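In case you want the letters, here they are:
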Amino acid sequence: MIKLIDITKYYSSGFVKTFVLRDINLDIKEGEFVTIMGPSGAGKSTLLYILGMLDNPSSGEYCFFDKKVHKLHEKQLTELHKNYIGFVFQSYHLIDDLTVYENLETPLLYKKVKGSERKGKVCEMLDRFHIVAKKDLFPNQLSGGQQQKTAVARALITEPKLILADEPTGNLNTKEGEEIMELFKELNEGGTTILQVTHSEKNASYSRRIINLLDGWIVDNK
Amino acid sequence: MLKNYFKIALRYILRQKFYSFINIAGLTIGMACCMMITLWVRDELSYDRFHQNAEAIYRVYHYESTTPQSSPSALTPPPMAAALKKDFPEIIKSTRFGTWLKRLVTYQDKHFNETMYMHADPDFFAMFSFEFVKGDPATAFSNPYSVVITETAAAKYFGREDPLGKTLTVNHTFDVAVTGVIQDVPSNSSLEFDLLSPFDILIKEFIGEKNRSNWGFNSFSTYVMLPRNASSDNLSQKLNGYLKKLEPESTYEMALQPFIDIHLFSKLDHDYKNLGDIKYVWIFSALAVFVLLIASVNFMNLTTARSANRAQEVGLRKVVGAQRSQLIRQFFGESVLMALLALVTALLLVELLLPLFNSLSGKHLASAWQNNPPLLFGFFGMALLTGLFSGSYPALFLSSFQPVRVLKGSLRSTGANSRFRKVLVIFQFSLSVFLIIGTIVISRQLSYMRNIDLGFSRERIIHLDIHGELLEKYGAIRDRFLQNPKVLHVTASMALPTNIQSTPGTPEWEGKAPDEQMEIKADFVDIDYIETFNIPLVEGRSFSRDYATDPETAFIVNEEAVRRMRLQKPVVGKRFGFWNIDGQIIGVMKDAHFQSLHHRIEPLVFKMFPPWLRRMYVKIQSDNISATLSSLEETWDQMNLGYPFEFRFLDENFHNLYKTEERLGNIFRSFAALAVFIACLGLLGLASFMAEQKAKEIGIRRILGASVFGVALMMSKEFTKWVLMANLIAWPAAWIVMSRWLKGFAYRSDLGAWIFFLSAGLSLGLALLTVAFQSYRAALANPAKTLRQET
Numbered sequence: 390m391i392k393l394i395d396i397t398k399y400y401s402s403g404f405v406k407t408f409v410l411r412d413i414n415l416d417i418k419e420g421e422f423v424t425i426m427g428p429s430g431a432g433k434s435t436l437l438y439i440l441g442m443l444d445n446p447s448s449g450e451y452c453f454f455d456k457k458v459h460k461l462h463e464k465q466l467t468e469l470h471k472n473y474i475g476f477v478f479q480s481y482h483l484i485d486d487l488t489v490y491e492n493l494e495t496p497l498l499y500k501k502v503k504g505s506e507r508k509g510k511v512c513e514m515l516d517r518f519h520i521v522a523k524k525d526l527f528p529n530q531l532s533g534g535q536q537q538k539t540a541v542a543r544a545l546i547t548e549p550k551l552i553l554a555d556e557p558t559g560n561l562n563t564k565e566g567e568e569i570m571e572l573f574k575e576l577n578e579g580g581t582t583i584l585q586v587t588h589s590e591k592n593a594s595y596s597r598r599i600i601n602l603l604d605g606w607i608v609d610n611k
Numbered sequence: 024m025l026k027n028y029f030k031i032a033l034r035y036i037l038r039q040k041f042y043s044f045i046n047i048a049g050l051t052i053g054m055a056c057c058m059m060i061t062l063w064v065r066d067e068l069s070y071d072r073f074h075q076n077a078e079a080i081y082r083v084y085h086y087e088s089t090t091p092q093s094s095p096s097a098l099t100p101p102p103m104a105a106a107l108k109k110d111f112p113e114i115i116k117s118t119r120f121g122t123w124l125k126r127l128v129t130y131q132d133k134h135f136n137e138t139m140y141m142h143a144d145p146d147f148f149a150m151f152s153f154e155f156v157k158g159d160p161a162t163a164f165s166n167p168y169s170v171v172i173t174e175t176a177a178a179k180y181f182g183r184e185d186p187l188g189k190t191l192t193v194n195h196t197f198d199v200a201v202t203g204v205i206q207d208v209p210s211n212s213s214l215e216f217d218l219l220s221p222f223d224i225l226i227k228e229f230i231g232e233k234n235r236s237n238w239g240f241n242s243f244s245t246y247v248m249l250p251r252n253a254s255s256d257n258l259s260q261k262l263n264g265y266l267k268k269l270e271p272e273s274t275y276e277m278a279l280q281p282f283i284d285i286h287l288f289s290k291l292d293h294d295y296k297n298l299g300d301i302k303y304v305w306i307f308s309a310l311a312v313f314v315l316l317i318a319s320v321n322f323m324n325l326t327t328a329r330s331a332n333r334a335q336e337v338g339l340r341k342v343v344g345a346q347r348s349q350l351i352r353q354f355f356g357e358s359v360l361m362a363l364l365a366l367v368t369a370l371l372l373v374e375l376l377l378p379l380f381n382s383l384s385g386k387h388l389a390s391a392w393q394n395n396p397p398l399l400f401g402f403f404g405m406a407l408l409t410g411l412f413s414g415s416y417p418a419l420f421l422s423s424f425q426p427v428r429v430l431k432g433s434l435r436s437t438g439a440n441s442r443f444r445k446v447l448v449i450f451q452f453s454l455s456v457f458l459i460i461g462t463i464v465i466s467r468q469l470s471y472m473r474n475i476d477l478g479f480s481r482e483r484i485i486h487l488d489i490h491g492e493l494l495e496k497y498g499a500i501r502d503r504f505l506q507n508p509k510v511l512h513v514t515a516s517m518a519l520p521t522n523i524q525s526t527p528g529t530p531e532w533e534g535k536a537p538d539e540q541m542e543i544k545a546d547f548v549d550i551d552y553i554e555t556f557n558i559p560l561v562e563g564r565s566f567s568r569d570y571a572t573d574p575e576t577a578f579i580v581n582e583e584a585v586r587r588m589r590l591q592k593p594v595v596g597k598r599f600g601f602w603n604i605d606g607q608i609i610g611v612m613k614d615a616h617f618q619s620l621h622h623r624i625e626p627l628v629f630k631m632f633p634p635w636l637r638r639m640y641v642k643i644q645s646d647n648i649s650a651t652l653s654s655l656e657e658t659w660d661q662m663n664l665g666y667p668f669e670f671r672f673l674d675e676n677f678h679n680l681y682k683t684e685e686r687l688g689n690i691f692r693s694f695a696a697l698a699v700f701i702a703c704l705g706l707l708g709l710a711s712f713m714a715e716q717k718a719k720e721i722g723i724r725r726i727l728g729a730s731v732f733g734v735a736l737m738m739s740k741e742f743t744k745w746v747l748m749a750n751l752i753a754w755p756a757a758w759i760v761m762s763r764w765l766k767g768f769a770y771r772s773d774l775g776a777w778i779f780f781l782s783a784g785l786s787l788g789l790a791l792l793t794v795a796f797q798s799y800r801a802a803l804a805n806p807a808k809t810l811r812q813e814t
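The listed protein sequences derive, respectively, from chains A and B.
The opening position of the first sequence corresponds to residue 390 in our numbering, with each subsequent residue numbered one higher.
The opening position of the second sequence corresponds to residue 24 in our numbering, with each subsequent residue numbered one higher.
For the record, the hints were derived by calculation from the structure and aren't laboratory data.
Keep in mind it's a predicted model, so treat the numbers as computed, not measured.
Accuracy of the hints is not assured; some may be wrong.
Said to hold, decoys possible - Below, in silico cross-link-like pairs of lysine-lysine (BS3-like), each with a Cα-Cα straight-line distance of 30 Å or less:
#, chain 1, residue 1, chain 2, residue 2
1, B, LYS30, A, LYS510
2, B, LYS26, A, LYS524
3, B, LYS108, B, LYS267
4, B, LYS125, A, LYS501
5, B, LYS30, A, LYS508
6, B, LYS26, A, LYS500
7, A, LYS501, B, LYS30
8, B, LYS30, A, LYS503
9, B, LYS290, A, LYS464
10, B, LYS125, B, LYS509
11, B, LYS26, A, LYS510
12, A, LYS392, A, LYS503
13, A, LYS510, A, LYS460
14, B, LYS189, B, LYS179
15, B, LYS296, B, LYS133
Sequences and hints are given; from them, build the entire structure.
Rendered as structure tokens:
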């Protein structure tokens, strides 16, 4: 499903090039559950954003479902990641001015889903994540775990094939973190491909493959 | 989708109450100013257009064709209207319009001195559209001794009685029958009158039959009407040389002036009192745009400055699938919403402030929104445009955030965007400084005109009209008044000393070349005129009872006249005269301003001529003026003159000469103040924002040992630079525009450099004041608190 060939990313200021990723070669099949690990500054988040089509590599090729992503332009990219990818962030990134219900609704609105269908999907998500009682509350009225659950629900509501998670349990306590990881495990068993970035060994153990990054290189790939 | 945007926009506005308030307040004030000026401009442009035939009516005026300095005059002689109608078939209707003196009108026990009692010919009602409430316009003037009155005049004299057929007595001399009642003349009419009678009476009862065909008696307006859609060029051509045919020696030519152009474009002498000027229409329209622009720029600035707050939301929306165009639409929605909210408050504000604006501008503007859908629609469009314009930059800027930059770390202001913000603030302040300079210059010129030494004294002098029978009794009144110990002088003249306009044509003088022309102004005065007004004489003497020939042959001229006539000293004794009067100059007076300061001092001559005295003046001592006035009134009443004791102070009249400028000065001042206020409002928002942004930096500096004052100073430095730059930009523009305006006055105040420095100081002071509070508060914040919040 995902194929990265010689992906490199650097930032240049004047004559100096700061490399964040070097010669990344990666193959990920549908249905996999992969963890990307490494110390701070190793380039994990950058890799995730490139995979999520939110950033462009400086050189190299990226094929997603056999489409050459590096050759597409912005509109096509948006279409792609709107329909196939869901994002979960460390700091949830919910829209503070919208209720839980409205936050869940937002991706559907951008996909131009009709009213009644939207309502159905949102209610389904609320139910599945057991947050029906919170549907009219604002993010700042929820606990960390509830916010992250909402964020995951939002990422899932468009039924993506791939979930990208950047330190999903970083801001949660142990119990809440476990809940989220169990959720991911369930999703993966249902066929969704999951790629997570994390520091925690515990979280990594939920996955079946670990890629280690160090200073922009892949050093391990099991 | 729209509902979603609307909800977010509203919630965001409510959450950020302080900044939303500043934004909406700025837009409200900007729009309210715009709306009021729109009403004012509409009114000015609408003058005289309510007449059905307005486009086909022209006013005839004459000008002197040889001397380049002679200004054209709107006054024409009595025989002109009928003669033109007879000689030119293109002219299908014509009328005269004018009056001669105030007169006393009585009905039973009611009497009033009417100043707006005018005269016109029967064609008048066919040419001009004045609604008849009672009576028939076609027959109203069949009988010369009739009068048509306005509804207000009708109520004044007749209360609820039917005025038709009743008789009014004029000057206790003759009667007129009421043959029609018309709706009050609207405020946007150049032609003003309360009562209107046929022109015939003016000739019979006031100026005399001998003047019926007097082509030199230029004291009235002549209007002609052409067929619809006919061009006036043909007729203008034919008018050339017309006056020469009647009088071969005449050097005067006639011309046509479209009636609807008079109010804004006419620059004739002896014109209407309520004239406007197209110049001011442009100036105020520009002002309205300026103010709105400043408010919009405010909005742009504040919104983009606070972009960091929205950055997260933007990045996230892009992640869940929003395209840039959708985000742009969302932000436009917010700005348009705010603009529409501002529109509502602006409408309320205008309702509140309209009476104040009316008193400032001397108009009677009404909002009456419900009767005027096009106007409301126009305002809605203005709000929409403002919303779109103000929101344009923020929408484009905010929607450009890349999720990567935004979601990983905090968004720093890029160099380009804070540079643009700097440009916006400088632009705003340049406009404000420009307006400050304009206000100072206009105020100075107004005060200059008010306080200038006219060259003659006008304090503690009251004047009364003496017309009709009063003129005969003038001598007796003068003697009785002089018996009062508080009265210093009594004299009389034809014109007011503040506005001497009459001209007897070119005079004759010793040494005049045969073809030479000179426009000289003249006034007819009583003995003691020079003494009453303290006019200094540089040569010779004033009129005196010791010389029996004075009333017949004595002339006093001013220095300018002497210069134009190129008379050598001694001037006294030289021959001088006009209208076949052969006399000599007995004195030369120092040049003084007997006209408004728009005009240069022109040649002037005084002569005694009792039949033409129209006003008397009484100069009284300064102590206990009200007591003196009461005793004068008693004396008057005792004489049973049949006219009320109505007087005015002379300096009042003088102020009225500049009423237009004063009004305009007031309006300009108010709007300039508002514009500056809005700019400061914007600065306040920005300063608060900067304080927020720099909270961390300030915390660190304080810990390292900076003083509160030092930190406040550091924050203010940035703004100081901006304001100074704004000044440098505004100065050249202001200088150019203001010096052009001042050129319109023959006598003007100077445009000194200190004005510009003062504006710089003022603008700087205002800016610093605005940011001072915010800077201080930021500097005082507890570093422990500010440094803890690490995003």
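* Straight-line Cα separation of LYS392 (chain A) and LYS503 (chain A) no greater than 30 Å? -> violated, 34 Å
* Take the C-alpha atoms of LYS108 (chain B) and LYS267 (chain B), compute the straight-line distance between them, and say whether it is at most 30 Å. => It holds: about 18 Å lies between the C-alpha atoms, which stays within 30 Å.
* **30 Å limit on alpha-carbon distance, applied to hinted pair LYS510 (chain A) and LYS460 (chain A)** => violated, 33 Å
* Keeping to a limit of 30 Å between CA atoms, is the pair of LYS30 (chain B) and LYS503 (chain A) held or broken? -> holds, 19 Å
* Pair hint outcome, LYS125 (chain B) versus LYS509 (chain B) [Cα-Cα no greater than 30 Å] -> holds, 28 Å
* To do: Measure nothing beyond the straight line between the CA atoms of LYS26 (chain B) and LYS510 (chain A); if it is 30 Å or shorter, mark the hint as holding.
  => Judged against 30 Å, a Cα distance of about 19 Å means the pair holds.
* For the pair supplied as a hint, LYS501 (chain A) and LYS30 (chain B), is the alpha-carbon distance within the 30 Å limit? -> holds, 18 Å
* Asked: Does LYS508 (chain A) lie within 30 Å of LYS30 (chain B) when you go C-alpha to C-alpha?
  -> Holds: LYS30 (chain B) and LYS508 (chain A) sit about 18 Å apart, inside 30 Å.
* **Agreement of LYS125 (chain B) and LYS501 (chain A) with the hint, judged by alpha carbon distance not exceeding 30 Å** => Violated, because 79 Å separates the two Cα atoms, which is more than 30 Å.
* Distance restraint between LYS189 (chain B) and LYS179 (chain B), which requires alpha-carbon spacing of 30 Å or less -> holds, 14 Å
* To do: Starting from LYS30 (chain B), check that the Cα of LYS510 (chain A) is at most 30 Å away, please.
  => holds, 21 Å
* Asked: Are the Cα atoms of LYS26 (chain B) and LYS500 (chain A) separated by 30 Å or less?
  -> Roughly 16 Å between the alpha carbons, so the hint for LYS26 (chain B) and LYS500 (chain A) holds.
Checked against the numbered hints given earlier, the structure breaks hints 4, 9, 12, 13 and satisfies all the rest.
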